[in-house]
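S.K.: Take these sequences, add in the hints, and give me the full structure.
Numbering (the working numbering), first residue to last: 345 to 517.
Among the hints, erroneous ones may be present.
Estimated spans, in silico, between C-beta atoms of each pair [to be verified]:
| # | residue 1 | residue 2 | range |
| --- | --- | --- | --- |
| 1 | Thr453 | Gln364 | 31 to 37 Å |
| 2 | Thr453 | Ala359 | 32 to 38 Å |
| 3 | Ala401 | Ser500 | 39 to 45 Å |
| 4 | Asp443 | Ser500 | 33 to 39 Å |
| 5 | Leu431 | Pro469 | 25 to 31 Å |
| 6 | Ser397 | Glu420 | 37 to 43 Å |
| 7 | Ala359 | Ala447 | 15 to 21 Å |
| 8 | Arg442 | Ser472 | 19 to 25 Å |
| 9 | His419 | Pro357 | 30 to 36 Å |
| 10 | Ala447 | Asp356 | 23 to 29 Å |
| 11 | Ser397 | Asp456 | 31 to 37 Å |
| 12 | His436 | Pro469 | 21 to 27 Å |
| 13 | Asn434 | Leu475 | 34 to 40 Å |
The set of hints was computed from the structure by calculation and includes no laboratory data. Note that CB positions come from ideal geometry on N, CA and C, so glycine has one too.
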Amino acid sequence: MEAQKLGYAESDPTADVSGQDAASKAAIIAMVAFGADVSLDDVLFEGIQNISSADVAFASRAGCAIKLLAMVSKHEDELEVQVYPALLPNSHPLSSVRDSFNAVFVEGTAVDSLMLFGRGAGGMPTASAVLGDVIDAALNLSNKTYRGMEDLKEVSILPSGEQSPLIMSASKL
Numbered sequence: 345m346e347a348q349k350l351g352y353a354e355s356d357p358t359a360d361v362s363g364q365d366a367a368s369k370a371a372i373i374a375m376v377a378f379g380a381d382v383s384l385d386d387v388l389f390e391g392i393q394n395i396s397s398a399d400v401a402f403a404s405r406a407g408c409a410i411k412l413l414a415m416v417s418k419h420e421d422e423l424e425v426q427v428y429p430a431l432l433p434n435s436h437p438l439s440s441v442r443d444s445f446n447a448v449f450v451e452g453t454a455v456d457s458l459m460l461f462g463r464g465a466g467g468m469p470t471a472s473a474v475l476g477d478v479i480d481a482a483l484n485l486s487n488k489t490y491r492g493m494e495d496l497k498e499v500s501i502l503p504s505g506e507q508s509p510l511i512m513s514a515s516k517l
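M.R.: Pasting the structure below:
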């Protein structure tokens, strides 16, 4: 409700709370990062609708924060694409992401750990993203290119039973 008043959440926050919005973004990240043909149907997702104030208090007492994570990783020839609420230690850089900020945390052989951090909601960030998309679309039409996205390849997505476990509510512990 507070996020809606501040202009950070949609008037109907269902897609945000259910994890569907983050799952759509995870599919896009998988397409861009791995050149893979990934749709929302390929993404295992769980939102924050079942996270209670008791869960948040439990996490805080344990020196952790609960964050909705969109994870995209490659395991040999298979991709793992999922969204879930995770318990992160307060020492992890992602645990400090708050309010209208978003972050992308990358782990790789060449870069070790890298985090990109900035505003991801609100009037100006949204307007900037939409304008960028319009410019990209215009360039793609005029140059008859699609930034390599026409060459998406079919990849195997790990079945949901083989993907990483989601966190359990403190009330179920």
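S.K.: Could one say that the CB atoms of Ala447 and Asp356 fall in the range 23 to 29 Å?
M.R.: With Cβ atoms ~25 Å apart, the hint holds.
S.K.: Given a hinted range of 39 to 45 Å, is it respected by the beta-carbon distance of Ala401 and Ser500?
M.R.: 40 Å Cβ-Cβ, so the 39 to 45 Å window holds.
S.K.: Can you let me know if the beta-carbon spacing of Leu431 and Pro469 is within 25 to 31 Å?
M.R.: Holds - the Cβ-Cβ distance for Leu431 and Pro469, about 27 Å, lies within 25 to 31 Å.
S.K.: Note whether the CB distance of Thr453 and Ala359 lies within 32 to 38 Å or breaks it.
M.R.: At 34 Å between Cβs, range holds.
S.K.: Falls inside 31 to 37 Å, the C-beta gap from Ser397 to Asp456?
M.R.: Holds, since Ser397 and Asp456 (Cβ atoms, about 36 Å apart) stay within the stated range.
S.K.: Is the hinted range of 34 to 40 Å satisfied by the C-beta distance from Asn434 to Leu475?
M.R.: 36 Å, holds
S.K.: Starting from the range 30 to 36 Å, see whether the pair His419 and Pro357 falls in it by beta-carbon distance.
M.R.: With Cβ atoms ~33 Å apart, the hint holds.
S.K.: Tell me if the beta carbons of Thr453 and Gln364 are separated by a distance inside 31 to 37 Å.
M.R.: At roughly 32 Å between Cβ atoms, Gln364 and Thr453 fall inside 31 to 37 Å, so the hint holds.
S.K.: Between Asp443 and Ser500, is the Cβ distance one that fits in 33 to 39 Å?
M.R.: 37 Å, holds
S.K.: With 37 to 43 Å as the target window, see if Ser397 and Glu420 comply at their CB atoms.
M.R.: Because 41 Å falls inside the window, the suggested range holds.
S.K.: Assuming the hint says 15 to 21 Å, is it satisfied by the Cβ distance from Ala359 to Ala447 or not?
M.R.: At 20 Å between Cβs, range holds.
S.K.: Indicate whether the distance between the beta carbons of His436 and Pro469 respects the range 21 to 27 Å.
M.R.: 23 Å, holds
In summary, this structure violates none of the numbered hints.
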